[in-house]
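Q: Next come the chains, spelled out residue by residue.
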Amino acid sequence: MTATQKRIVINRIALTLSSLSAVVALGFLFWILYVLVSNGINALNWNIFTMEGAPPGYEDSGLKHALVGQLILVGLATLIGVPLGIMAGTYLSEYGKNSRLAHAIRDISDIMMSAPSIVIGAFVYAVVVMPMGHFSAWAGAIALGIIMIPIILRTTDDMLQLVPGTLREAAFALGAPKYKVIMDVVYRGAKAGILTGVLLGIARVGGETAPLLFTSFNDNFFTTDLNEAMPSLTVTIFNYAISPYEDWQQLGWAAAFILSMFILGLNILGRLILFYGKKRK
Amino acid sequence: MASIIDIQDECALHVRDFEFTYKGASAPSLKKITMPIAKHAVTALIGPSGCGKTTLLRSFNRMHDLYPGNTYAGEIEFEGRNILAPKEDLIHLRTKIGMIFQKPTAFPMSIFDNVAYGMRLQGIKNKSELEGRVEKALQDAALWKEVKDRLKHDANGLSGGQQQRLCIARAIAVEPEVLLFDEPTSALDPISTQGIEKLVIELKERVSIIIVTHNMQQAARVSDYTGFMYLGELVELGHTEELFVTPKEKLTQEYITGKFG
Amino acid sequence: MLDKIFHNMTRFSALLILFIVAWIFVVLFDHSTEAMQAFGFDFIAKDEWAPNVDKFGAYAAIFGSVVSTFLAMLIAIPVAIGVAIFLSEIAHDKIKGFFGVSVELLAAIPSVIYGMWGLFYFVPIIRDLFGGMGIGLLSAAIVLSIMILPFMAAVTRDAMNTTPDILKESAYALGGTQWDVIKDIIIPYAKAGIIGSLILALGRAIGETMAVTFVMGNVHHTPTSILSPTTSIPVTLANEFTEADSSLYFSSLFGLALTLLVMSFVVIAVAKFYFLRKVRKGQ
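Protein chains in written order, with my numbering: chain A, 5 to 285; chain B, 32 to 292; chain C, 6 to 288.
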């Protein structure tokens with residue numbers, strides 16, 4: 005075999021192996037999705053949405069408490085994380101720009117995006133739960149909010165920077181003060197991107213379990229009291245799935261299915277917005 | 032129609048009714064090009080942006096095949112066969128028709144390894160053969176003296192002009208029949224440009240050269256034949272001095288006198 | 006006037022990030038001092054985690070973290086590189102789009118779901134193949150590798166895509182095959198970005214909790230074999246934080262959290278500053 009013929013064979017093998025790994029990776033995705041959907045749909049019924057949690061073995065148990073709790077926690081976290089994240093991202097893009105401080109903030113924020121979320125939970129435990137003396141929705145929301153900030157900060161920073169400098173200059177040339185330039189021109193220009201960032205941030209935070217484990221803890225019963233432990237979908241999945249009770253495990257699958265659909269839905273929505281935003285340009 | 036002279040000497044390549052359509056395009060970018068390419072001569076392709084000269088150039092070594100979806104019709108004859116045929120061995124073709132790009136493209140490896148790359152691909156392993164051919168290629172590219180003491184150094188340490196000459200050495204090391212130059216000096220300073228142009232003229236003794244250039248003066252300095260293209264068509268092909276001094280087509284004359292860029 | 010307020014609000018928010026990060030370190034450090042003073046170096050060196058007698062040596066958890074992550078990397082890296090090559094060089098158009106989106110969606114699935122799937126579907130397979138309980142180091146490593154794979158593939162692909170087209174074309178123009186171009190041009194060119202991406206994924210994997218908690222076993226001893234149930238730092242924290250009943254216990258857990266934070270912080274920072282200067286995700 006000539007050297008070139010050998011290269012062609014090796015090329016074939018290498019490309020086949022690569023494609024194989026892609027198929028394997030996709031295979032796992034479909035396996036997990038299939039398991040999720042088939043178990044989840046099987047376990048779905050109206051009770052899930054109307055009934056609260058109950059001890060194992062009860063006929064009428066559902067996930068209302070966990071669903072509402074999740075919405076409360078994520079909603080609160082969004083109220084905390086999004087404004088702070090957008091403001092911080094605005095600072096980086098519009099004021100700090102390339103200063104050493106801005107770079108330091110970007111770098112630290114980037115690192116935090118990949119840092120373990122359970123550590124954030126431990127931190128919030130120390131500064132919120134311990135002084136309060138008990139678990140609370142506040143603690144959970146704060147933990148999620150802290151996780152959210154770097155994500156929103158980064159996307160806002162990136163998206164605002166994409167707005168052309170000439171747009172800003174045109175506004176300044178008309179005599180607008182800086183904050184008005186930012187709010188009226190820059191934000192508007194980056195609207196789609198920022199929205200996508202927010203949706204992706206919510207999706208990311210909505211799937212977190214670890215930081216809630218000892219901040220909002222969990223609860224089997226419906227509550228809207230923010231000063232108490234708050235049930236969440238994610239921790240409920242964990243507790244129910246790991247339990248030895250079959251009906252709880254079923255509920256766990258239903259919860260997992262609902263959670264995943266919600267998160268995948270947010271992801272897809274976010275990408276669609278970005279896609280159509282680009283298309284219009 | 033187009034004014035295309037008859038090449039009396041031998042042809043390295045012959046393009047016949049060549050049509051090229053980019054993927055998803057509604058109309059062809061190259062419309063029925065017929066063009067002989069003289070052997071051991073420099074043929075320049077000039078024309079305004081978007082006229083298709085680079086598209087045509089990249090068809091000669093079937094570079095477009097890297098991006099599936101393009102379609103072509105017609106024939107490009109080389110060494111007695113149509114290289115547009117589906118069964119054409121592209122790897123072999125590209126060792127016979129080499130290419131130099133718009134920006135210097137030194138590989139992330141040493142100077143020696145860069146020049147030896149094509150030869151190693153062909154399976155040449157013998158150390159002394161490699162060393163001999165690398166030295167010869169670098170000498171032919173007028174780079175040997177400058178790099179002979181640092182062959183093991185990273186090629187990225189060279190200046191832009193040196194890197195482009197390195198790319199030329201790399202291309203001629205595999206002893207091709209034809210060399211395609213795609214605006215090779217557009218990223219270089221005037222002195223390096225001069226060096227490359229000198230090289231092109233020297234190299235035509237051994238390879239047939241097609242050079243795409245935006246710079247008419249460069250075409251006038253360097254080439255034996257010049258082809259003027261416009262909107263995907265070959266408008267005129269002639270001896271360089273004749274085309275620039277007494278162009279046969281009105282369009283050619285307007286381009287040369289700067290009526291449009 | 007409003008201008009000043011706006012400026013200050015944004016600056017405050019930005020500085021808040023730095024402040025929070027610093028505060029996290031301070032708080033964790035603060036709460037660990039009791040354990041550090043009580044055990045000193047033994048805290049990380051000794052495999053003796055005995056809550057009932059208030060003795061805490063976290064070697065087992067650290068060992069579990071390091072080894073499970075290392076094994077997960079061994080499995081995930083070749084596959085991720087294969088997927089990255091497929092996505093950046095082999096797939097065309099619609100397939101590329103489909104696979105690319107699938108990979109990103111995989112990355113979006115919450116880790117607790119990976120854990121659940123792992124427990125109910127993967128563990129029985131390991132049990133059938135190898136005997137034992139099925140939960141343990143091996144299962145955790147494999148589930149972890151599947152969990153980290155999409156992220157790793159995506160960032161590695163991004164690194165490879167920074168290779169300029171004309172550089173690749175130059176190699177093809179000399180008669181190179183796709184694999185020649187991948188191994189001689191793309192990988193050397195994007196070397197820093199690729200290694201950085203892999204290390205970044207490592208940093209993430211170290212802190213992974215939920216995918217691993219379901220299948221690791223939560224047995225606080227160093228594993229005797231690859232099938233032994235064991236623990237890791239995040240798994241210990243997840244399972245024991247709400248059960249701690251003495252201040253020394255709590256302090257030890259905070260010490261673990263601090264150890265974990267430092268470990269992942271260092272790994273991620275190394276990836277970022279040393280390797281990932283060129284590649285920015287999302288661009």
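No lab work stands behind these hints, which were simulated from the structure alone.
There may be inaccurate statements among the hints.
Stated by the list, open to error - Sample of chain B residues lacking proximity to chain A, with all beta carbon distances greater than 10 Å (derived):
1) Ile35
2) Lys63
3) Pro79
4) Asp96
5) His123
6) Lys134
7) Gln153
8) Gly154
9) Asp180
10) Gly188
11) Val209
Stated by the list, open to error - Result set (DSS-like, lysine-lysine): computed pairs, CA atoms no more than 30 Å apart in a straight line:
12) B:Lys134 with C:Lys51
13) C:Lys99 with C:Lys9
14) A:Lys101 with C:Lys277
C-beta atoms are modelled at their ideal positions from N, C-alpha and C, and glycine is treated no differently.
Q: All the hints need checking, so say for each whether the structure fits it.
A: Now the hints, each set against the structure:
| no. | hint | in the structure |
| --- | --- | --- |
| 1 | Ile35 | 37 Å, holds |
| 2 | Lys63 | 34 Å, holds |
| 3 | Pro79 | 28 Å, holds |
| 4 | Asp96 | 15 Å, holds |
| 5 | His123 | 8 Å, violated |
| 6 | Lys134 | 26 Å, holds |
| 7 | Gln153 | 6 Å, violated |
| 8 | Gly154 | 2 Å, violated |
| 9 | Asp180 | 30 Å, holds |
| 10 | Gly188 | 28 Å, holds |
| 11 | Val209 | 19 Å, holds |
| 12 | B:Lys134 with C:Lys51 | 59 Å, violated |
| 13 | C:Lys99 with C:Lys9 | 50 Å, violated |
| 14 | A:Lys101 with C:Lys277 | 19 Å, holds |
When the structure is compared with the earlier hints, violations turn up for hints 5, 7, 8, 12, 13 and for no others.
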